[in-house]
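Undergrad: Here are the chains, one letter per residue:
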Amino acid sequence: MTRQMQIIVICVMAAALAGLLSLRTLHRRVRQLAPARTTEEQERREVIAPPISTPTDVTTSAQLFWISPAATDQLAPVTVQLPLSADPAQRAKQLINELIANPPTPAQRTLPPGATLLDFYLLPNGQAVADFSDELSTEMPSGILSEWLAVSSIVDTLGVNVPQISELKILVHGHEIETLSGHIDMSDFFDVRPPAPAPALPITK
Amino acid sequence: MIFVVALCARIRGAAPEAHATNSFQTAQSAQQTPAQQQKPPPSAPQTKAPQTPAPLNPQTPPQAVLPPQQPAETLRTVVIDPGHGGGDTGARGPSGVEEKDVVMDFARVVGDSLRAQGFTVVMTRIADVDPSLDDRATVANAQKDAIFISLHVGSVGPLGTMRTYTYLYPSAVAPADIPIAGTGAVGGPNARAQVSVPANFVPWREAQKPFLGQSRKLGDLIQLELSQKFKGSPEISWSAPVAVLRSVEAPAVAVEISSVALDPQKLQDLGGDLADAIARAVQAYKSIYPPGGQ
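Residue numbers (the working numbering), protein chains in the order written: chain A, 1 to 205; chain B, 1001 to 1294.
Okay, chain A solo, but in the shape it has when bound (with noise of 0.2 angstroms):
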């Protein structure tokens, strides 16, 4: 092998290696480049759950609740700065969606990310009804537990919101379900009313 050979072999193996080196650095970059997956399903949701806004919409105080970071099994309110409507069922609907779409972080999610609230009805009564995509149910991380915070999320989101809500019946695709995912009976009206001051359980005893 002559000398120019010698020093082109040695010119693309170090070229060769440099690239390997440097495929690490490359990799972590596009993965930053990448939209996050919280972005996609934001965008997703601007799709297919649009923002509702209403002409009586005034940005307010509001308390969501979402699974407390300290106890995983239990509820905590987290107050947010919302431009929510007058309309009580409007109102209703901005919360949910809310609580789908933004928990402060993934652990704290009590409804599943592909969750849609298809509608909201609000009778003179204080009876509404909320009607859920398949995905409420198909997507819920099956459990006593894990349903019960979710059914509790809503119903204590809507409890402190939203007064003129006296109970609050679920359904999916306008159908009603035996169960949540296996353990939570859906059969019949939730009450809905303030929850007990803090710590907030999920669970009344």
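Calculated from the structure, these hints are not laboratory results. Fair warning: there could be bad hints in the mix.
A few chain B residues facing chain A, derived, Cβ under 10 angstroms [said to hold, decoys possible]: (1) Gly-1090; (2) Ser-1095; (3) Val-1097; (4) Glu-1099; (5) Val-1153; (6) Gly-1160; (7) Arg-1163; (8) Ser-1171; (9) Gln-1228; (10) Lys-1231; (11) Gly-1232; (12) Trp-1238; (13) Pro-1241; (14) Val-1260; (15) Pro-1264.
To list a few chain A residues with every Cβ distance to chain B over 10 angstroms, as calculated [to be verified]: (16) Met-5; (17) Gly-19; (18) Leu-20; (19) Ser-22; (20) Thr-54; (21) Gln-63; (22) Ala-71; (23) Pro-83; (24) Asp-87; (25) Pro-104; (26) Pro-106; (27) Asp-131; (28) Pro-141; (29) Leu-145; (30) Thr-179; (31) Ser-187.
Between beta-carbon pairs, the in silico distance windows are [as the list claims (entries may be wrong)]: (32) A:Thr-25 to B:Gln-1228: 40 to 48 angstroms; (33) A:Thr-105 to B:Asp-1263: 18 to 26 angstroms; (34) B:Ile-1236 to A:Pro-50: 25 to 33 angstroms; (35) B:Asp-1269 to A:Ser-61: 44 to 52 angstroms; (36) B:Gly-1232 to A:Arg-24: 37 to 45 angstroms.
Note that CB positions come from ideal geometry on N, CA and C, so glycine has one too.
Given chain A's structure and the hints, the job is docking chain B onto it.
TA: Here is chain B on its own, set in the frame of chain A:
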């Protein structure tokens, strides 16, 4: 819907005198006992056919499940309900462990501990099948002087902790308050059917209501034992609308372990202490068990 679709007899047939070491009984066999045949029909809502297999010992003579001459007034029977089964896997962990299998193993261990204490144990399923929630309640309601314990493994919660639940009914809305539009009649989503009901019947879906106080006592005893063995568990039972408890006409609780996220071996290792805790609590509950269970 909440309209009453079925009624169940409040006065049940006497307890089957099941063999202490082979006391499995299925929904199907329970429905065929002479005691059940004496109930005022109908006693159960329309449900799918029970899928549980035949009793383990098909040679057991029919006389073995005849009611005793004198009604028992002490707690004798524990109905254990391993949740899910068959196509319903329940919660599924990252390791692939499935709730239906774990609770089946737990049910066997718990059953052994209770038999060692002298209790008769009846299982709602003994194989990988999925009886409906009503079928499970039917198995429990065929027993006399019994309690019902449903076992589950959840998806969330602090790992290695356990919670005991009793049923939570919603506040009933007075049917008369809800007019049906355009009919002049009253009713509504929460209205009960206005039918003439014999005094010894209770609505199928309200069967647990008279037993809530006893269920809480049982639940608190179990949870106290669990809290001592499994650190981080609450010290008292909780209330939640756990569907399988609703139509059980006896003190009834559900125990859920957190969670399927545990390493499968660690999860399996919880069975011994779980069985010990439940057996101790049931033994303690026996001393305060009232005649008729209410």
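Undergrad: Now tell me, hint by hint, if it's right for this structure.
TA: Results for each hint:
no. : hint                                        : in the structure
1   : Gly-1090                                    : holds, 5 angstroms
2   : Ser-1095                                    : violated, 15 angstroms
3   : Val-1097                                    : violated, 13 angstroms
4   : Glu-1099                                    : holds, 7 angstroms
5   : Val-1153                                    : holds, 8 angstroms
6   : Gly-1160                                    : violated, 12 angstroms
7   : Arg-1163                                    : holds, 7 angstroms
8   : Ser-1171                                    : holds, 5 angstroms
9   : Gln-1228                                    : violated, 18 angstroms
10  : Lys-1231                                    : violated, 14 angstroms
11  : Gly-1232                                    : holds, 9 angstroms
12  : Trp-1238                                    : holds, 4 angstroms
13  : Pro-1241                                    : holds, 4 angstroms
14  : Val-1260                                    : holds, 8 angstroms
15  : Pro-1264                                    : violated, 17 angstroms
16  : Met-5                                       : holds, 54 angstroms
17  : Gly-19                                      : holds, 35 angstroms
18  : Leu-20                                      : holds, 32 angstroms
19  : Ser-22                                      : holds, 33 angstroms
20  : Thr-54                                      : holds, 27 angstroms
21  : Gln-63                                      : holds, 22 angstroms
22  : Ala-71                                      : violated, 8 angstroms
23  : Pro-83                                      : holds, 31 angstroms
24  : Asp-87                                      : holds, 22 angstroms
25  : Pro-104                                     : holds, 16 angstroms
26  : Pro-106                                     : holds, 12 angstroms
27  : Asp-131                                     : holds, 14 angstroms
28  : Pro-141                                     : violated, 4 angstroms
29  : Leu-145                                     : violated, 5 angstroms
30  : Thr-179                                     : violated, 5 angstroms
31  : Ser-187                                     : violated, 7 angstroms
32  : A:Thr-25 to B:Gln-1228: 40 to 48 angstroms  : violated, 53 angstroms
33  : A:Thr-105 to B:Asp-1263: 18 to 26 angstroms : holds, 24 angstroms
34  : B:Ile-1236 to A:Pro-50: 25 to 33 angstroms  : violated, 44 angstroms
35  : B:Asp-1269 to A:Ser-61: 44 to 52 angstroms  : holds, 47 angstroms
36  : B:Gly-1232 to A:Arg-24: 37 to 45 angstroms  : holds, 40 angstroms
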